[in-house]
Each structure stands twice: as structure tokens, then as C-alpha cells.
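These are the residues of each chain, in order.
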Amino acid sequence: MYTQALNTAETDDRGLEDAAKAAQFQARIDAEERIEPNDWMPAAYRKTLTRQISQHAHSEIVGMLPEGNWITRAPTLRRKGALLAKVQDECGHGLYLYAAAETLGASREELVDAMLAGKAKYSSIFNYPTLTWADIGTIGWLVDGAAIMNQIPLCRCSYGPYARAMIRVCKEESFHQRQGYEIMVTLCRGSDEQKAMAQDALNRWWWPVLMMFGPPDAASQHSDASTRWKIKRFSNDELRQKFVDATVPQAQYLGLTIPDPGMVQDAEGHWRYSEIDWTEFKQVLAGNGPCNRDRMAARRKAHDEGAWVREAAAAYAAKRAQRQTAQAAE
Amino acid sequence: MTTPNTPLWEVFIRSRNGLAHKHVGSLHASDATMALQAARDIYTRRGEGLSIWVVPSTAITASDPAEKGMMFEPAESKIYRHPTFYEVPDEVGHM
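First to last, the protein sequences are chains A and B.
Sequential numbering from 1 applies to the first sequence in the numbering used here.
Sequential numbering from 331 applies to the second sequence in the numbering used here.
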């Protein structure tokens, strides 16, 4: 059950970890057993997962901002309804993920505060602006497409609550990608201006989307332990390659050009992309992307302006509880 | 003013196929009414259910994973509790 109150791990993790317990834990992972909240786990496993799941949750929440930007300006009521539903889904995904992270012992408030204080990261991709309607199509097609590629293997992650949250998320994410691609198909079948708008969006999003998979394998600092613990089943570069191979034919169908003149198909059919600009990635992660400050400001504003609602709800619940106790005493 | 942490609730949903309420996840809400409304928004956006239960997480008593053996092993050795343990001659047909 997903209850923080039942977590006894804090005491378990104090002091030196029992080597026998650690070996037993790894044996369970190797046997493809799921680890559940109240099971013993190494402190580092707990820490890695708390960081990963909460970052994932923050990404879903911040991810509502670039798309929310277009809800009031969607071209038709059909598109508006779909976009609104998609943004609601992102919020829901954030909430499933926060709940999964909380089973590891962190409170929701701590996790949210860490993000608002700039101490916890979210995906680099949401620091890019959505300049035109074609960006909404591109986000659904590529950003959600990349997210699905990354999330499907997470459905088999060794930590039960995370894996279960991912199963729900993946089921819902498929609609996101399809609605995005449909927008792109419509634009590409439209006027020259519309097609040019689609191409421009692809040009701007392509490289940032490839960066979503994270640093190249040679430079990735978290992969080894995550792989051993079966949190991660494929490397960053493997997933990135799978994504590129799946996406190239979709771009070809649209008649759009991927902004990588050096891209070639090798003998095995894989599309080999050019070197990614990792300086840009590092800059965006460090807070210097085009929209980092806007995103943080928007999240803080929403949190601050919602404070009175949280206070009022808590005060009301306290008043009701007090009245009930008084009545019971009569 | 600092507000206390919002309580955690467990959400159970009965789907339209008439099966029992099933645990689907958890959420935070300050009281039961708000928990029900939040559960509607978070867990039934695609017609997943016809009935929702919300239960304060603190009200749940869970079995201890460390006692898994003691709790569940006794059932494993009692294969005579399953219908396949018993042999019925083929001639009798389906039973």
C-alpha cells in the first residue's frame, strides 16, 4: 500500500547496511521480483529512485506550461478539447508520479518545495518556447514520442509503485502522440505557409528532443547502478537510436526534412545522426535555456497564489474534525 | 503561516464490469469530500469506474513483508485445497 506512515526504512538505513541484506536485495532484483515500499532496500536505491521519480513528476507538471500556452488559441474546438485533455493528463501523470515517489518516504510538500527552490531538476525540453501552433503538433509527435520510448521500459522497473504508475502513464500517452502527429499531418497537407510552419517547428525541436534521452552513454553518471538495479533497462544512446529510427519514416511521410544534413542510414538500417551539441544541453540544465526563468516563475506564482486555498481547506478540515470530537464528547 | 501536510488517501474504483473495488492509487486531500472529487479527476478521466471509495491511508493496517513466510507459506503446502488435486475418471466427463 502507498502509505508513508508505514515506511520503516529510515531506521533500516541508519548506520552500516547489512551486506547480507544487500545481497538478498540484489538477488530479488535479478529474479525479476518487484520491490515494494515496505521492503528493505539499500539507501542508495531509495535515493536514486526518489530523485528520478520526483524529477519525472516535476517534468510532467512543468510540461503543462508550454502547451497550456496554446489552449486559448487552438485553431478549432476539436483541437482545443484535445489539448485541454492532454494538459489535464500531464497533471494527472505528475500526481501519479509524486504518489510513487512518496512511497519512498519523502512528503509531497518536500518534493514540490525542492522543485520551487530550484534544487530539483525537470526535463530540459520544457525550457523551450512554443512559438506557433505547429509546436503543439511537434511536441505531441516528438516530445511525447520520446517520452513513450523512455517510459515503456520503465513499466518493468524493479520498483513496483513506479512501474505501476508508468503503465497508467503509457496507456494515456499514446493519445498524446497521435493527436500531435494528426496536427502535423493536417499542417503538411495544408497551404505552403502551414507546411513551412511545420518544418520550422521540426527544425527548432529536433535537437532538443534528442537531448531528452540524456547524456551519451560514455558520460552518463547514473547508469551503472540504475542498470544493476533494473531501474534502467536500456542505455540513453540505445533509446535515442530507437527513437530516431522510428521517427525518420514518420517525418518522410509528412514530407518534412530532419534538420541534420549529415544523417545517413547504415547497412543495418539504423539512421545515424550527427553529433549533438551537449554544450546547449548543459546550459539548459544549468538554468540558462530560453524559458527556464519563465517556467520557474510561473510555477512559483501558481504555488503562491494557491496558498490560501490550501490553508482554507486545511482550516475547514480542522474545524470539522474539532466539531466531530466535541459532538462525540456530548 | 505554515499549513500542515495534506493527508494521504487511498483510492479504490469499481469498474463497469461489475468486479470488486480495486486499488488504483493514492492522492492528497484535506477531507473526504475533496478526496472523492480529486479521485474523480485523477483516476476516472476515461470512464474507468462507476463507483469510488477513498480511505485515509492511516486507516490501513498492512501485513509486514518480513512475515511473508509465516503468513502465506502454510497455504502453499495444502495442494488438496485445489480441485485439480482430485482425480475423476475421464469417463465421467466434465465436473
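Honestly, the hints are just simulated from the structure, not real lab data.
This one's a predicted model, so the numbers in the text were calculated from it and none came from an experiment.
The beta carbon of each residue, even a glycine, is placed where N, CA and C say it ideally should be.
Hints may be right or wrong, so weigh each one.
Claimed, not checked - Listed next, the in silico DMTMM-like pairs over lysine to aspartate or glutamate satisfying Cα-Cα at most 25 Å (straight line): (1) K21(A) with E403(B); (2) K171(A) with D394(B); (3) K352(B) with E36(A); (4) K319(A) with D361(B); (5) K21(A) with D394(B); (6) K80(A) with E378(B); (7) K121(A) with D237(A); (8) K121(A) with D192(A); (9) K282(A) with E268(A); (10) K398(B) with E172(A).
What the hints assert, rightly or not - Between beta-carbon pairs, the in silico distance windows are: (11) K398(B) with C91(A): 29 to 39 Å; (12) P395(B) with R178(A): 32 to 42 Å; (13) A315(A) with T391(B): 26 to 36 Å.
To be verified - Quick look at which bits of chain B chain A covers, simulated, 3 or more residues with Cβ under 8 Å: (14) 348-358; (15) 391-402; (16) 415-424.
Violations among the numbered hints: Violated: hints 2, 8, 9, 10, 16.
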